[in-house]
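So the protein sequences, as listed, match chains A and P.
Start counting the first sequence at 0; every next residue gets the next number (numbering that gives the first Met the number 0).
Start counting the second sequence at 0; every next residue gets the next number (numbering that gives the first Met the number 0).
Just to be clear, a hint being listed does not mean it is correct.
Cross-link-like lysine-lysine pairs, in silico, DSBU-like; alpha carbons within 30 angstroms at most [claimed, not checked]:
1. A/K31 x P/K76
2. P/K71 x P/K56
3. A/K110 x P/K56
In short, the hints are calculated from the structure, not lab data.
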Amino acid sequence: MVYLTRKAEFSASHYYHNPEFTPEENQRLFGKCNNPHGHGHNYTLEVTVKGQVDQRSGFVVDLKELKKIMNREVLDAVDHRFLNQEVKEFRDRIPTTENLAIAIWNWLEPKLKVAQLHRVRLYETQDLFVDYYGEA
Amino acid sequence: MKAYLTRRYRFSASHRLHCDAMSAEENQRVYGKCNNSFGHGHNYALEVTVAGQVEPKTGMVCNLADLDSFVKQKILKRFEHENLNYLEEFHSVVPTTENLCIEIYRILEQGFHLAKLEKVRMEETMLNSFEYAGGREIGR
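With the hints as extra help, turn the sequences into a complete structure.
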């Protein structure tokens with residue numbers, strides 16, 4: 000088994016708010032991230048796929064194909080977007096890095112016929128990242 | 000859904016690698032430049048990984064403010080700009096980054112109960128890094 004990782008970058012804005020909580024609770028729990036006008040990050044996404052090396056091509060996956068799927072399924076959906084308002088997954092779910100990593104897995108996994116998805120790693124900043132392996 | 004959240008911190012400290020049970024020559028042979036009796040320092044990077052279900056109400060595995068506050072109080076305050084050899088925990092343990100990882104894992108495991116600790120990873124320099132998961136194999 001060989002693992003291949005492809006990186007991508009995108010920028011998006013979001014804010015954290017749960018309508019079930021009082022404004023004070025939201026403020027206490029989410030702090031500065033609760034500003035309803037949103038704030039932004041430069042995210043770095045790492046998508047890792049795994050598979051056997053194809054004897055003829057020497058590839059685990061055709062990178063062109065992987066790049067195309069990542070662009071279409073992820074970057075087109077989130078790059079330069081306000082996640083809370085423009086991405087349907089986040090109408091009723093808080094766009095934390097955890098939930099965004101899970102959403103990215105759910106977008107990519109059914110479309111990836113060319114290799115098996117192993118991990119989605121999403122950096123919100125250089126000092127914070129989330130890994131999701133499709134676990135329940 | 001289970002996710003793994005990693006937070007990165009930095010601190011600087013000095014140490015000297017020296018084992019009292021070894022002769023001067025052996026210390027020199029084993030630790031080389033790191034055995035310099037005056038010590039030397041590093042800019043360490045510490046990565047703490049916690050794992051768990053994403054809480055539906057908050058969208059979080061763990062509230063970062065809680066993790067940051069614990070790490071600042073109990074780890075960064077303890078080690079930042081210290082000479083590790085002078086700290087009690089390294090009186091009889093050589094302050095290698097392996098042992099520092101184990102010590103930091105112990106502090107987290109004993110004191111931080113708001114999420115499950117998965118592993119601790121430390122970079123001593125840009126070229127050396129160490130990981131410890133309480134003795135478990137690191138599969139992911």
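If you check each hint against the structure, which ones fail? none
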